Every structure is written in structure tokens, then in C-alpha cells.
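Asks: Take a look at the letters that make up each chain.
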Amino acid sequence: GAVVSQHPSWVICKSGTSVKIECRSLDFQATTMFWYRQFPKQSLMLMATSNEGSKATYEQGVEKDKFLINHASLTLSTLTVTSAHPEDSSFYICSARDSGTANTEAFFGQGTRLTVV
Amino acid sequence: QKEVEQDPGPLSVPEGAIVSLNCTYSNSAFQYFMWYRQYSRKGPELLMYTYSSGNKEDGRFTAQVDKSSKYISLFIRDSQPSDSATYLCAMSSWTGGFKTIFGAGTRLFVKA
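Chains as they are written, first to last, in our numbering: chain A, 17 to 133; chain B, 1005 to 1116.
Some hints could be false.
[Stated by the list, open to error] Taking lysine-lysine and the DSS-like style, the derived pairs with C-alpha atoms no more than 30 Å apart in a straight line are: (1) A/Lys30 with B/Lys1046; (2) B/Lys1115 with A/Lys57; (3) B/Lys1115 with B/Lys1103; (4) A/Lys82 with B/Lys1060; (5) B/Lys1071 with A/Lys57.
For the record, the hints were derived by calculation from the structure and aren't laboratory data. This one's a predicted model, so the numbers in the text were calculated from it and none came from an experiment.
Chain A extracted, bound-state conformation:
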């Protein structure tokens, strides 16, 4: 299957700082990528849909000024958690669809475990 690389796999940061997470499609182009948040023993919660060359679409209740998304190329989307607080500690996962096919299955990155202290 297609490969999606997410970096870093884990990060610890101080409260008030910002953290950037990268999501790359390695062997396909993705005009659309998705960012999820997952709490322990819970399912994936879609935060936003990242669209190459345009603004991201945020789900209800997700603060767009806190979770900045940039999708500057067909293979890279970034999520920046600004002014992080301990309650932002979570597992963040990205996924991407291959724009070159009509298939809808998404391939996931390895996830990033964010701990804010």
C-alpha cells in the first residue's frame, strides 16, 4: 500500500510553545489530507481536512487559530499546535488519499504523541 510518513513520532514541549507536525505522502500525490486526534482507548476524531493550495476545512469545535494547517504541496501537510497547553496532549494522526485514483481508502501516518508539560 501507499506510504504516509508522519514526523515526529513523539514530542514533549513546554506549555505556551508551538509544535509543528509534518505529514508526507511518499509515493503518491495527495490533494487532500486529514488530521485526526485520538484519546486513549477512543476512536479517531477528525479535526480538519487539509486541501492543497487552499484553506483547511475544520470540524465543528476545532479552533482554527490554535491548530494551524498548511498544505503547501501535493505531498506535504503540516499541523502546528500553537500555544500548546497540557490539555492538547494527545495522539495526532494524519491520513492521505491518492489523488491519482478514484479509490477512497486513506493511508495513515504513524501518529505523533504530543505531551505538553
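Given chain A, work out where chain B should sit, using these hints.
Replies: Relative to chain A, chain B alone:
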């Protein structure tokens, strides 16, 4: 009512058992159905992808889709301890814009 319902388990079975995992859904617009496996602290891994009703087999895994009943299943034959993970169903539609909805995930434990 959630769009996708999935029993979170946990489901515990002995090694070698046949495992049946299920999801129901309410939106008849869903056309594409997926099963993902997620190990602890890892991203989900795509296991099976099916379009519309029918069966699809891949090794020890069989996915079934019954659109008339809005019910999908994943069967695992000869289950192994390495199959212990959380299994998420997901379904997509293009109606009104592309959308994928995930189930809550079922935690499976296969005991040696």
C-alpha cells in the same frame, strides 16, 4: 444515533478461533467500506477495502458488506496472538462532498 456503530469490546478469544467483527451504519449513501487495524500507539493500517455489497477475501481475512441491512463484517480465521489490536471499520461516500466516518474500534485480544 451515530452514523456508524461498532461494539468497542474488548473481545477475547483463544488462539486459532474465528473472530467476527461487525459494524452497522445508518447512512445509505456510504459506498466504500474499509477495515483498519491499529496497534497501541501506532497509526491505523488498512486491512481491507471493498466497494458496495459482497465478500472480499485476503489470506485469513474476509470482509463482508450487506448494504441492504447496512451491516459490514470482518472475519479473521485461525486467529493469532499477533492479531491482538483494535480494529476500526470505516465507510466513505462522495454524496455532498467526500466524507469518511470511523467506528469506535473493537479491541481484540487473542490468547495463546
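Asks: Could you run down the list of hints and mark each one as holding or not?
Replies: Here's how the hints hold up against the structure:
no.: 1; hint: A/Lys30 with B/Lys1046; in the structure: 24 Å, holds
no.: 2; hint: B/Lys1115 with A/Lys57; in the structure: 20 Å, holds
no.: 3; hint: B/Lys1115 with B/Lys1103; in the structure: 36 Å, violated
no.: 4; hint: A/Lys82 with B/Lys1060; in the structure: 42 Å, violated
no.: 5; hint: B/Lys1071 with A/Lys57; in the structure: 29 Å, holds
Taken one by one, the earlier hints fail for this structure at numbers 3 and 4, listed in ascending order.
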